[in-house]
Amino acid sequence: MSLPARCYDKHSREGDSFVGHDISPKQVRRIILSQSRRASVGHIGSCLCVVEILSALYSSVLRAASPDDPDRDRFILSKGHAGLALYASLVLRGWLDEAALETFCGENTLFAVHPEVGVPGVDFSTGSLGQGLSIACGAALAARLQASRRRVFCLISDGELNEGSTWEAAMFAAHHRLSNLHAIIDCNGQQALGRTSDIMGTSNLAERWKAFGWRTQEVDGHSVPQLVAALAAPSAGERPHIVVAKTVFGKGVSYMERGIPVTQTHLPVQPVNWHYLPMSEHEYWLAMEELEQSN
Amino acid sequence: MRKAFVDTLCQLACDDPRIMLLTGDLGYMALEPFRERFPQRFLNAGVAEQNMIGVATGLADAGFRPYAYSIAPFASLRPFEFIRNGPVVHKLPVRIVGMGAGFEYGYSGRTHYGLEDIGVLRTLPGLTLVIPADSAQAAAAIRETRDLPGPVYYSLGKDDTISVPGLNGRFELGKAQVVREGRDIALVAMGSICQEAVIGAGKLAGYGIEATVVVVSSFHPDPEDDLAHILAPFRHAISVEAQTVSGSLGALVATVIATRGLACCLHVLGVRTASDGTSGVQMERWRKYGLDGDSILAAALCAVRQGL
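Chains A and B are the protein sequences, given in the same order.
Counting with the numbering used here, you get residues 1 to 295 for the letters of the first sequence.
Counting with the numbering used here, you get residues 1 to 308 for the letters of the second sequence.
In short, the hints are calculated from the structure, not lab data.
Yeah, the Cβ is synthetic: ideal placement off N, Cα and C, and Gly gets one too.
Any given hint might turn out to be false.
Said to hold, decoys possible - Computed footprint of chain A on chain B, listed as stretches where at least three residues anywhere in the stretch have a Cβ under 8 angstroms from a Cβ of chain A:
{"id": "1", "segment": "54-64"}
{"id": "2", "segment": "81-92"}
{"id": "3", "segment": "157-164"}
Throw the hints in and build the complete structure from the sequences for me.
Next comes the structure, spelled out in structure tokens:
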């Protein structure tokens, strides 16, 4: 069909040999912690748990010559509250100047908690849960109609699966055989007010998505090699692809993983604390010390 | 206007491979001409309006011009936040078609009435709203707005037989159209109900009262300058719309009168009460809610004779 509307097909993927970029999870975490502390904002646990997923995507999966390459693979951070983790990945990919992050959560900044499309490398503004996968479906359908090889990746949270619109998109993608669509579920077991298992259970996720017609894989969400193996492989078959990535909320900072508000002792111990809390100076240094001592 | 919409879209699609038609599984005996001529550009997105707008956002970002079709409340209210965070935030040329404006779905009942779509969507700067009064104007409006870079919402009537005398298919974005001139009172109307304003004006003439009838067919840009110019000589104006009165045509006219310092007293005709659960054909709904030609006549007589 004669639908191509832009110049996508001028960009051959032949010779677009994807060269891995060195994006170390440790560096991503360093930026997340330092900017969260500087801006004194929360959502730290939500950012830390997707570090390996973003590191895998931006180091070895997403094919893009530049953030505005029209035929680049698209990435949609549907769980927009991990925006800082995305900014950190974009800095390390070389698409953002780290100095720009000094405005993160500052007055009149483009760098809010939730990402805005005006930031280089941010393909779509997100922040309202349950919307990213629908947009990803449209982007994937467009690529197919335009006979482009570009692929679409979308990171969603397990809490986000509460949204009915996510399942509208799940059915649409399977029905239209969007095999160039790759979703990743950040399966950290946490949502805004508690554990997903206590609020709206998300057990047997792989089975659920399989029943919806998706090709499913389960990986350790903190294993970059596993993530790369699952996501860098070419799209296959006719089904959309979803990777259920088991993650740990607050990964890499043990007191966050355990939900301990170290210096805010009036609060109960619960993982959801680090969905909201900014770090105190002491907590920041504890986190950085642990990070620097890690491998 | 439904036939006018589909016919016009087919004509535009012949020359523009970017155009796609998405539907939320509605449009029986209406959308078939497009589906048959452009099967690969027709997409039934299922009964999933939120996802349909999200998909349209992704398509538009890649260069397509998706028209997303459903019944007015399902096209506007259900996916409102998707509209805001999708094509509006991203400034993308998604076209949303809300079919069955006002009470047009009659006996289908209140869930199907399009009484709030304009007021609700008018809260979104960056979303152009187009509300044609008849089929000829709908065709012109769809053509004129085809290449707007941002999103557009069309509020269309199903009825293909309505024709507003004097309008002659005129449409200009951000402009108001005068279809009848008189010096005693101004009637400002929007959508299919413009025909009732013309009828009301005709009846007023029998009482020796000459009415100007103004058709407003778009918001964002609002026809503020036109309305200010047209209303300036009048002491009385009546706005008429098959919408709840909050935020729609009456609100625009009131704002123009207030902000331009006009010495004009406005009477807003629209839906003011919550539904009592009853339903009925459009004409009877207009009558029930005081929007038909006779009601407009009565309101105008009251305004002119008693000084409102």
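Hint check:
Using a Cβ-Cβ cut-off of 8 angstroms, 11 residues of the segment 54-64 of chain B lie near chain A, which meets the minimum of three, so the contact claim holds. Counting residues of the segment 81-92 of chain B whose CB falls under 8 angstroms from any CB of chain A gives 6; the rule of at least 3 is met. Under the rule that three or more residues need a Cβ within less than 8 angstroms of chain A, the assignment of the segment 157-164 of chain B is violated, with 0 such residues.
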